[in-house]
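Protein chains in written order, with our numbering: chain A, 1 to 110; chain B, 111 to 459.
FYI, nobody ran anything at the bench for these hints, they're computed from the structure.
It cannot be assumed that every hint is accurate.
Okay, the calculated beta carbon distance ranges per label pair [to be verified]:
#1 B:ASN264 to A:ILE89: 21 to 31 Å
#2 B:ARG336 to A:SER66: 20 to 30 Å
#3 A:GLY38 to B:ALA431: 33 to 43 Å
Here chain B is said to cover these stretches of chain A; the calculated rule only asks that three of the stretch's residues, wherever they fall, bring their Cβ under 8 Å from a Cβ of chain B [as the list claims (entries may be wrong)]:
#4 65-73
#5 86-93
Keep in mind that this is a model prediction, so the values were computed, not measured.
Glycine included, every Cβ here is placed at the ideal spot set by N, Cα and C.
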Amino acid sequence: METYYDPKDLKKFGKIGEFQKPLADKFFAYYGEVFAEGALTAREKSLIALAVAHTVQCPYCIDAYSVDTLEKGCTEEEMMEAIHVAAAIRGGASLVHGVQMMNKVKELSM
Amino acid sequence: MKSLHALHHKLSDTDTQIEILEQGVEQKLGLPLFQKKMDDAGLFPLKPTSLDIFQVNLGKMCNQVCKHCHVDAGPDRKEIMTRETMEECLRALAVSDMNTVDMTGGAPEMNPHFRWFVEECRALGKHVIVRCNLTIIVANPKYHDLPEFYRKHNVEVVSSLPFYNADKTDRQRGTGVFKDSVRALKMLNEVGYGQEGTGLMLNLVYNPSGAFLPASQESLKRQFKRALKNEFDIEFNDLYAITNIPISRYLDYLISSGNFEGYMEKLVNSFNPVAAQGVMCRNTLSVSWDGYLFDCDFNQMLELPVASPAHQHIRDFDAQALMEREIVLNQHCYGCTAGAGSSCGGATA
């Protein structure tokens, strides 16, 4: 069955440079530095990436960072809590706009 | 749970395992065989650099049946080293420069001659490592004094603990293993193991509870130190991150869970020439329960003896001849060269 998303495409990510090498090289160099140990540990960064992957709902990123967080020794609880953080922010982002709705309703109401 | 051997499972046949690994890498995945990869890295044929570590497998008998066990050990395995073979090992040790005796199993402590063998190795002035599965210490009252025995003979204890919680540990090693391991670790701590200033070394082994590679050893060590201290007041010295080698029960797990090809692809694509240079088979000699010699414990379990036909048994030990041998390689070796590398002493790169 043909689909837009193919798990095998994740392994081809590095080949995006075929069409535009200089920008791809810069991106991957930047990407590598972002995820290196820094003020945040590589493990903490991996959990953030897992949460963001769910926010942007990227199947490739979810695949990659489910593996990466496991390999970095994260527990299932930590991984799910990270996703709840993403869900809470997404849900909160919708809900906080309720204040806008309330403002408008109050503006128009007697 | 029974061993593959007791179940007459097809993977209890080592030729079948080797065939599956070779076909998987070359035909299914279209990836280079390990020997080719080593040749490209200028490491074929692979030769020893020294003979430092004498790893003795005292037998396949064990009180646990871990899902990933490369030995296919368990209570139903009766193959254990006799005292006569141990004496042959001691004769070889006495005339060699190998300074470390690394005892493994199964549960080496279940061999009735274990304590005698430790004492004899120490009397020869050898550094002794025991790969203790922890739960054996609390399995039966006759083993409760093992921490004191280890302390008395200044044995280095290396113990598997795949994670610092019960969930992941028990999934890999069996129900209740984490709880018993914590109890055993506390007993080791009580006699001084892992405590600063005692010189009594207690090192833990992490290996992934699934079809993925281990994280950075240093990062895992920090996590384990923090979690075990905070939650259980347990101390240890070092942590070795070890990659699961795709043979025996772990191979069975990979195939039955649909992870075999993905795992092999990951191992091959993570080949690290620096790790390949430092593989443990270059300074280790492994002896089986019945006295045969191998380049490592994994080759032992695949029945791939040292490529030195006149010296394949400990009774024919000849350090010079064994130093000139070519190390036997196959596709499972990708497990030792992936990423940061893997050995019985942890990462190699």
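For each hint, the structure was consulted:
Our hint of 21 to 31 Å for ASN264 of chain B and ILE89 of chain A is violated, since their Cβ atoms are close to 55 Å apart. Here the CB-CB span from ARG336 of chain B to SER66 of chain A is close to 24 Å, well matched to the stated 20 to 30 Å. The given range of 33 to 43 Å is broken by GLY38 of chain A and ALA431 of chain B, whose C-beta atoms sit roughly 51 Å from each other. Given as covered by chain B, the stretch 65-73 of chain A passes the check, having 5 residues with a CB less than 8 Å from a CB of that chain where 3 are the minimum.
Coverage of the stretch 86-93 of chain A by chain B is violated. Counting CB-CB distances below 8 Å, 0 residues qualify, and the rule asks for three or more.
In terms of the numbered hints stated before, the structure departs from hints 1, 3, 5, listed from lowest to highest.
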